[in-house]
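Colleague: This is what each chain is made of:
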Amino acid sequence: MRYRGGKMGISAVPGSGKTWTLSLLAAEIVSSGKLAEDQEVLVVTLVNSAVDHFYQRVSSFLGERDLIPYLGFRVRTLHSLAHDIVRQRPSLVGLDDNFQIVDEREANAILLEAAQSWLRSHPDELDVYLDAGLNEASLNRVRRDDLPPLVRDIALSFMRYAKDQRLTPERLRQRLDALPMRLPLAEMGFEIYQDYQRALAYRGAVDFDDLIRLALQALETDAAYLERLRYQWPFILEDEAQDSSRLQEEILQLLVGKDGNWVRVGDSNQAIYETFTTADPRFLRNFMLREDVTPRELPNSGRSTLSIIALANELVKWTQEAHPVEAVRDALQAPPYIEPTPPDDPQPNPDDNPDQIHLVRRRFTPAEEIQVVADSLQGWLPNHPDCTVAVLTPRNQRGFELVDELRRRNLPYEDGLLRSSTSTRLSAGVISDVFAYLADPNSPRKLAQVYRAWRREESKNGISRKKVERVMELLRKIERLEDYLWPTPERDWLAELEAAGVDEQILSSLEEFRRLMRRWQNAALLPVDQMALALAQDLFNEPVELALAHKLAALLRQASQMHPSWRLPEMSEELDVIARNERRFIGFSRDDTGFDPERYKGVVVVSTMHRAKGLEWDRVYLMSVNDYDFPSAQEGDTYFAEKWFLRDHLNLEAETLAQLKAALELDEYRWYEEGRASQDARLDYARERLRLLYVGITRARRELVITWNTGRDGDRRPALPLVVLQDLWEVLKNKSEQA
Amino acid sequence: MQLTESQQAVLGLPLNASVFLEGPAGSGKTTAAVAQLMQWLEQGTPGETILLLVPQRTLAAPYESALRSPQAVAGGLVQALTVGGLAQRMVDLFWPLAAAQAGFAHPHDPPTFLTLETAQYYMAHCLRPLLDDGLFDSVSITRNRLYSQLLDNLNKAAVVGFPISEIGQRLKSAWVGEPGQLRVYDDVQTAVDLFRRFCLEHNFLDFSLQIEVFYRYLWPLKACRSHLFSTYRRLIYDNVEEDTPIAHDLIREWLPQFDSALLIYDWDGGYRRFLGADPESGYTLKELCESSIQIETSLVAAPQMQSLTRRLSKSLSARRVQVEEDEQNNSLAFEAVEFDLHHFFPQMLDWVCERIEHLVHGEGCPAGEIVVLAPFLSDALRFSLMERLATLNIPTRSHRPSRSLREEPAVQCLLTLAMLAHPEWGFLPTKFDVAYAFMQAFEGMDLVRAQLLAEIVYRRKDGWPVLSSFEAIRPEVQERITFLIGERYERLRRWLAQSAERNDELDHFFSRLFGEVLSQPGFGFHTSLDAGRAAAGLVESARKFRWVVSSMFESDGAALGKEYLLMVQDGLIAAQYLPAWETPAREAVLLAPAYTFLMSNQPVEVQFWLDIGSRAWSERLSQPLTHPYVLSRAWPPGRPWTDMDEQAYEEESLYRIVVGLLRRCRRKIYLGLSEYNEQGYEQRGRLLTVFQRALQSVQTSERRSG
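Going line by line, the protein sequences match chains A and B.
As numbered in the numbering used here, residues 1 to 739 make up the first sequence, in order.
As numbered in the numbering used here, residues 1 to 706 make up the second sequence, in order.
Careful, some of the hints might be misleading.
FRET-style restraints, in silico, Cβ to Cβ [what the hints assert, rightly or not]:
id, chain 1, residue 1, chain 2, residue 2, range
1, B, 100, A, 202, 39 to 45 Å
2, A, 644, B, 198, 32 to 38 Å
3, A, 664, B, 463, 22 to 28 Å
4, A, 664, B, 178, 18 to 24 Å
5, A, 636, B, 343, 51 to 57 Å
Chain A stretches covered by chain B per the calculated footprint, using a threshold of three residues with CB under 8 Å from any CB of chain B [stated by the list, open to error]:
id, region
6, 82-91
7, 224-232
8, 526-534
9, 539-546
These are calculated hints, taken from the structure and not from any lab test.
The beta-carbon is built from N, C-alpha and C at its ideal position, and this holds for glycine as well.
Next up, chain A with everything else stripped away, as it sits in the complex (with noise of 0.2 Å):
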């Protein structure tokens, strides 16, 4: 807090309070009256969650201090950074003033539409990769099913790296067209990556790659605009420094300017996004040794007991000196190892009880792993009432393996970590019943489905539970919908259920519910986006679900632009894969805004170990531990990214990278050779994977399980690291239990 200016990097260890301490600089500098009036405390952080979470905090810091609260600062993402500084010059980098921001799904069909279309062209282009022992049948199946996703991954990390090297279509093929040979790889990717930049191009639109590039390229090109950013930026504090891109370093380096103030708080040890992205803690680490930069440390933290720092200090000593692969001990650094905090701190680290860790040896398959988990829960929930939880998967997959077994046996449990939270995905699902219902509108199976969720509320409860499944069955049961809905003198299917006595509450209910439907179908002549408007109106009242509607308009408006010939049933899909889950999409419920795990209380919060990132709870389960999701670059090991239909364990993403860095790389000793990355990517792979535990271990306060299953085949053994730390436990236990 002693900061006053200049630039500073602060290694902080996990639970350290690294938001705290950035909050309450900012608002300390806000309150400094070192700012004039137009200008800003600039914070940038990782993910949106972490956005809001920034804003309460240095909201409440400054009303302390009686300024208003939303004033002097902003708090930014790279993407929303990079949208604002593209947004406010959009034409210095080609854009038209409402130029669309494709996201992560529709930018996938996009490049999966891509990757089919060279398939096509090219049917046997990658047969060389292909393994030579796949007979007839199977090859065929690769072909179908395997190789255009493949193709679709390898274009996307592709271009996103052409993209971080700011290279454009065009000028990569200068740089193809001036080789000695040619690259096959490289090529497939440049013509994949042309044909998505026009597909891009023709929509108008970007994507969220484009927008940091684009941005960075504004910057550059206009030094007036970069000097009245940077006036109005006098001071940057950015968080998760870590997983900076070179991009996101150079942007703020720009921003910052020579002599500017620029504050980087970040844990190389929890870098974890370095293989979906082209993020790398080597620039965070760089940047602290820079001549310019102070180096600080923040190695306190009160957030577990001294068994659990114990052991993620071992993790990474072993690492350090003692991991078999030399290449991989750079993978964790330190100092500073984890330190308690000191006797006075307001931040106690909780008791210690080393019986509470549970590194578990034993085999278990993958079926045999969710019920020991789900019976542990079982056993431990209804003993801590008060006490938070949390089961770390390494996939989302696996979580939902889980999330169905906790149903199975109802018991509670919170998802929202895995994608969009639940209640996003309710409201979502609401909006995308009734759609689905009124691109159908003679099915009484899906009219019903709109009853319930008009009447969730009442479903979540026992008695009126019965009471809506039972207008349900009824309306099931309508043979011509147009009697209930629309009824003739003749024909009224409501004053038959009249006559024949049902009771009159479900016979007002029903009234009432007519009354909604035939405004809906009316509705249904709307454009898309007022549609979803009108529907919300009846269907929500609480302000966040309104909000959220609002959103889901726009995202409609949009679709059905980039569709034109999209109609209720396509717009019904689009909701439901928000509300299936299959895409993220930011709401605005608490937990969409800054998932809290204090609010799941007794509740088994089920989430990846890389969405629990600064995230904590009492009791922490790490499941699927093994050398397949954490393998060591240890013989026998195997990869995901090295598919079984290619030959000779290539993996062939990183064999394309690599032949694109080839194309760039101007030294021709440094020339291609087949293989070398795919060794290459294995080393990197396991680095990752070690933060990754890391990572997880450094959740739990008090109680921490690790346990592993045997894979799919029952091959897999536990994870190098796990046996070590089983090891190193067993050996730290005893010598407390001696002392």
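Using the hints provided, position chain B relative to the given structure of chain A.
Modeller: Same frame as chain A, now just chain B:
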């Protein structure tokens, strides 16, 4: 009407004088000019000898309503014209005198005037092959916007008065961005040259050619001048500041010929700059007038409103200078503002509607005295507000220029029926479109039955859409759909089949479909005024398309109709705006974009400003292919457009818009504030900051005094 002293002064001027009347908005200038017009008519001046010139037709509204009033003297028709309208008339009239000289390939054939949509159509026609070859590859822009920005460039060249061959070079020389992007402006030049050659080859005149031919080739001719000079003897030219340099040039040369002239200039106007308006060049007309009058007092704003205007204009015009604090002024100023901070956008809308209800039903404020303004009025926003206010029994009307014809459900219905009537065109509407068309076509048709009917009678056969007859349906299903509807369906189906034989032009088809079927009793458009209006809009669009395009199309009307529908699908046409569709009574709350409200030039009692965090209040519309400032007359060729210019522009335009709105408000401004905007983003536009700072200073001074 009771006029003020300064307004009286205008009327008191000698009959044969030219007068320059200037002042801020709300000072009663137009009222004085209307009185002048009426006085001329009362004194026996024939209406058709008075030229009422305005930069945009909406600005003539106060004159037109006075002329329509019962008190108006009958005496010939006073017509409001824009310079564009005048140009078109003159070109039409004197075509043979200019056609060859202007370079048209067939000077002996009549000219064809292009509307904006037909111009876009032909622009698309010219560019299609080049676009496929990579022209404009480096810009991300939809086709629609691409064409309209290219046409904008041509229009700018015409209204500013430079040759179109300079467009690319002018844009290039102002560019400070990445050099690679310069290629775009070469592409722009290629495109506009190509389009111009195409127009000259086919006797087509887009707006730019109409202006150019008139001003460069006709206006210098004696015949044309003597026609104009003898036709018009008196001039009223309102909102001079909103007109283009060419318009000002024209009036500069013409002014001495009028017996009397009244030019009206609004000090802080210039809202149409992006359309080429040039207030500075307009102001130079002042020195040519024999006398000038200034009116400064606002007749509109209450004292607290005026105080607020002063307070805000101060902080808007001196951004980085600390605003002096005048506490009394502050608290008075903020009596004219009411605001409430909300978390979410819909909550803010609820608050707005609740305040409006209180104003209308509680305080007796006429609904017509309330406007709800936003920098942009999205469909969703418009819809949400209208729905909410409708449930409170408050009538609304909306001016939203970008509402497109093809989004009207009634238009959709007509388009679908046109596809069904012309199966040979190969359009295959979805069964949803057919069901929705049925729903609208027949009175009393609901979605359940419409879908049922569509499922049964609508088939695709050999790639053609086919409607089968009602009689062929099983009786029990006939009964479900009802025989009444079955009968109407049969009538429609037979009519569609017959029309296929008649082979009408598409506009005739629409017009007859509406007149002979849909507007008849038992059919859906019978009682719907809105549907009727939308149908009329579509007929007009299709007709203009035919007039212009048929000369190019060798084949019969059918193919032309197909072309029209294709263009609609591409969003190229019928994306045009519905003609002004005000509810006849002005007794309704107006929902409008701020700019549109300013251009209607009608003060009101109360204004609601929504979305004030949006940057759009101050930002220039970003157009990668054109640039209203760089292409303006005042811009020195070769000077780069820098970020400083952008900033200066934003400051100026925010100042103009805020002051313009405040001067058109009598009593109170309500600010709708929400942390998140419609799309869920948190916003930090300059207008919001200006208000926040002002409010913080009020808070501080209240704390100090309290």
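Colleague: Run every hint past the structure and note whether it holds.
Modeller: Now for the hints, and whether the structure bears them out:
1. 100(B) <-> 202(A): 39 to 45 Å: holds, 41 Å
2. 644(A) <-> 198(B): 32 to 38 Å: violated, 59 Å
3. 664(A) <-> 463(B): 22 to 28 Å: violated, 49 Å
4. 664(A) <-> 178(B): 18 to 24 Å: For residue 664(A) and residue 178(B) the Cβ distance comes to about 20 Å; the hint holds.
5. 636(A) <-> 343(B): 51 to 57 Å: holds, 55 Å
6. 82-91: The restraint on the region 82-91 of chain A holds, since 5 of its residues have a Cβ under 8 Å from chain B and three suffice.
7. 224-232: With 4 residues close enough to chain B, the hint holds.
8. 526-534: holds (count 6)
9. 539-546: holds (count 3)
Checked against the numbered hints above, the structure breaks hints 2, 3 and satisfies the rest.
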